[in-house]
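Q: Let chain L serve as the given structure and place chain H on it in line with the hints.
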Amino acid sequence: GQQLNQSPQSMFIQEGEDVSMNCTSSSIFNTWLWYKQDPGEGPVLLIALYKAGELTSNGRLTAQFGITRKDSFLNISASIPSDVGIYFCAGQALGFQGGSEKLVFGKGMKLTVNP
Amino acid sequence: NAGVTQTPKFQVLKTGQSMTLQCAQDMNHEYMSWYRQDPGMGLRLIHYSVGAGITDQGEVPNGYNVSRSTTEDFPLRLLSAAPSQTSVYFCASSYPGTGGIDGYTFGSGTRLTVV
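Chain order of the listed sequences is L and H.
Heads up: the first sequence begins at 1 in our numbering, then just goes up one per residue.
Heads up: the second sequence begins at 1 in our numbering, then just goes up one per residue.
Here chain H stands alone, though its shape is the one from the complex:
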């Protein structure tokens, strides 16, 4: 049971480039979400999904797109990378609902640097 898998673990982008951060879970979790973690800012919610075909914006959605075509996958797309998007990105999932019985299961993160 792999849990929540994020790829890549590290990425360097040039300003203006686009890329997709991958997140996959094998726990049949309904709820998936993306956070960014910056020093002193804690975890900030970017986008979330309560099930396949349903997505919604979180606290800091600008510059990011998501889709949820399957229960297992929830990719995060950076449309045109900016230095302000340099951060550590975490994917999290839970079942049932938005918190589940045991909270969220997090992936190990993607460390993104935009130069």
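Just chain L, same shape as in the assembly:
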């Protein structure tokens, strides 16, 4: 099946630093999503991207849908301790009959922020 390569797998940063992570795929997606999972909770949607080249911000978060439709990145600026968690990318392709396929998830990036 389709797989997403998410990197890096983990990061340890100091409070105030910026952090970047990305996802790549061998397949084309028509939607890219970024989720955050707080410790002990389920993933929560951060940003959704629907068009190739789209650049979207949500507060200190910025995400882009790659031009090739095979990649996406997420940046977090000026990190704070509550940014700690696991960040997942997810992609969705168009189905054979025009409907949407199931989301495909990356394996996650564990972020640790040292105060």
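Any given hint might turn out to be false.
[As the list claims (entries may be wrong)] The calculated DMTMM-like cross-link candidates involving lysine to aspartate or glutamate, where the alpha carbons are at most 20 Å apart (straight line), are: (1) H:K9 / H:E72; (2) L:K51 / L:D71; (3) L:K110 / L:E41; (4) L:K70 / L:E54; (5) L:K107 / L:D83; (6) H:K9 / H:D73; (7) H:K9 / H:D26; (8) H:K9 / L:E41; (9) L:K110 / H:D38; (10) L:K107 / L:E17; (11) L:K107 / H:D38; (12) H:K9 / L:D38; (13) L:K107 / L:E54; (14) L:K110 / L:E17; (15) L:K107 / H:E59.
Keep in mind that the hints were calculated from the coordinates and are not lab data.
A: Only chain H this time, still in chain L's reference frame:
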């Protein structure tokens, strides 16, 4: 609006016991799914349903059964628990279709330990 509700939050089973993990959503979502999350493995799809009366297997279905008699509920049954099924289980839903406009809404998870 409760979203996706999973019960129980924690469970310890003995090898060979059976149990049902409950998932309910009040958003009239057509699509529901079950994932397991293990360290370093990301989210792996167990079973999914595109509507009442319709279920299908995901990536790791062995040892699990599902049914979808109503739009709201999607229980996951462990037939004979094994230590390899120790994991965190997440239920997710979306509308319309398999991804929806805003991706999946996740429950807060069930942490299962099989001893």
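Q: Could you tell me which of the numbered hints above are not met by this structure, giving the numbers in increasing order?
A: Hints 10 and 13 not satisfied by this model.
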